[in-house]
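Asker: Letter by letter, the chains look like this.
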Amino acid sequence: MVKRRVVVTGIGLVSPVGTGVERSWEALCAGRSGIGHITRYDASGQAVRIAAEVKDYNSDEHFEPKQARHLELFVQYAVVAAREALKDSGFQITPENAPRVGSIIGCGMGGLPVIEKYVQVLHTKGERRITPFFIPMAIPNMGAGQVSIFLGTKGPNLSLTTACAAGTHAVGEAFRAISTGDCDLAFTGGSEGVICPMAFAGFHAMKALSTRNDEPEKASRPFDRDRDGFIIGEGGGVLLLEELEHAKARGAKIYAEMAGYGMSGDAYHIAAPPEDGGGAILCMGNALADAGMGPGDIDYINAHGTSTPLNDEIETRAIKKVFGEQAARLAVSSTKSMTGHLLGGAGGIEAVITALALKHQMAPPTINLEQPGPECDLDYVPGQARAMEIRAAMSNSFGFGGTNAVMIMKRYEP
Amino acid sequence: MAVEEKLIDIIADQLSVDKAKVVPGASFIDDLGADSLDLVELIMAMEEAFDIEIADEVAEKIVTVQDAIDHINKIS
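Quick mapping for you: the protein sequence lines, in order, are chains A and B. Note that the first sequence covers residues 1 to 414 in our numbering. Note that the second sequence covers residues 1001 to 1076 in our numbering.
Be careful, since some hints might not be right.
[As the list claims (entries may be wrong)] Simulated DEER-style distance windows between Cβ atoms:
{"no.": "1", "chain 1": "B", "residue 1": "1031", "chain 2": "A", "residue 2": "384", "range": "27 to 33 Å"}
{"no.": "2", "chain 1": "A", "residue 1": "130", "chain 2": "B", "residue 2": "1029", "range": "37 to 43 Å"}
{"no.": "3", "chain 1": "A", "residue 1": "61", "chain 2": "B", "residue 2": "1057", "range": "38 to 44 Å"}
{"no.": "4", "chain 1": "B", "residue 1": "1053", "chain 2": "A", "residue 2": "211", "range": "18 to 24 Å"}
{"no.": "5", "chain 1": "A", "residue 1": "201", "chain 2": "B", "residue 2": "1048", "range": "27 to 33 Å"}
Calculated from the structure, these hints are not laboratory results. For glycine and all other residues, C-beta sits at the position ideal for the given N, C-alpha and C.
So here's chain A without its partners, still in its complex pose (with noise of 0.2 Å):
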């Protein structure tokens, strides 16, 4: 069967560094952290005190009280991130082409802030006092139900729940469904909103978390010597895929062209990743395999680059063992650095992201890397947003469970 080209036609972003594609990818471009003091609510008595919060973003301006107070955040990020990428693309969704449309979101955790909230209701005030829209919100796959009810999509509502892999996931999912035929056209992407104490106490039992309590801004640093773990980001990252004769014919903007999709298993551990990089090796080589391309086809790469100790040392090491000779070349760096890291949206903003680099052709910078941590030896495009020839550009995610996604754009060539 001959697979159909599918492009990019719309983007939306809910990020830590802005709300909006434009405000954030001015703020990527210019180095600019999103990361600071928890003030979602009281984390004083936290051991990490520090996120990347959505901090211009008020759910008025996009919902009716009723509607917000029944969201998630998680949801009305991929809600919002969703009508922007809308928007953005000027297609118009109607009964005729509804069935044709999907709506495929990733997410690692979903609603664990309403689960706190009503576990305490449940112990201090009884069964008769939980609410008959909490399942409805707390369940992962509600931000690509969500999507799908706001805008009227009718084609394929999945969620992806990858852990940190999730949005990723999404994304080449998407990428498969058009290109296979099961629609025409799909809201793709990842979103995450876990600001609660529930999730820092448990990363942080697992020594994930950056302690770098008074220097938020320098608490992300991928790659860097004195990188102690990551930051927990919020946010949503939606584009909208299109196979590429349906965009033609209606005369839409194409951002970039989905070119691979790749996904492998670690068979390893719970939460580290192997040593030698094997699933991370295997997936980017499944990718590009998928792309048909080979290691001098790809100039940017979009790392997974969280800023733990163990996954930015292991990713080089994978990048070189893939690229060999090639990876000197590359151009790679991590925007979590910037936007934290967003759990299952990470790979629906990086996806984005990954768009608009090759848009503009543009490398967004790696911040905060001051001194390269042992074998981390790529130019990491440090401190700068770089203007540079991109001619496809590789987006890695890697997830707990040992999961791992990795994905190709290139530029758009008639």
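Put chain B on the given structure of chain A with help from the hints.
Answerer: Positioned in the frame of chain A, the structure of chain B alone reads:
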């Protein structure tokens, strides 16, 4: 009267509707845009606000604003 005013506030807030629409004859579902889950939550809010318990079989019969006023006046 106090009960009625408090109840109207709760209904307007829970269902995100203008207070002027919360008239005695208004049906929660037909006039105030509630669905079945909204109704369950509304009953819970009434229980909480008036410190009462409304059994499920009673709650099923509360269809309009007046039904709610009557029930709360009866038991509180």
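Asker: Given a hinted range of 38 to 44 Å, is it respected by the beta-carbon distance of residue 61 (chain A) and residue 1057 (chain B)?
Answerer: Check passed, 42 Å falls within 38 to 44 Å.
Asker: Is it true that residue 201 (chain A) and residue 1048 (chain B) lie within 27 to 33 Å of each other by Cβ?
Answerer: 29 Å, holds
Asker: I want to verify a distance hint. Is the separation of the beta carbons of residue 1053 (chain B) and residue 211 (chain A) within 18 to 24 Å?
Answerer: 47 Å, violated
Asker: Do the Cβ positions of residue 1031 (chain B) and residue 384 (chain A) conform to the proposed distance bound of 27 to 33 Å?
Answerer: Cβ of residue 1031 (chain B) to Cβ of residue 384 (chain A): about 60 Å, so the range 27 to 33 Å is violated.
Asker: Does 37 to 43 Å hold as the CB distance between residue 130 (chain A) and residue 1029 (chain B), or does it fail?
Answerer: 22 Å, violated
Hints 1, 2 and 4 from the earlier list are contradicted by this structure; the remaining hints agree with it.
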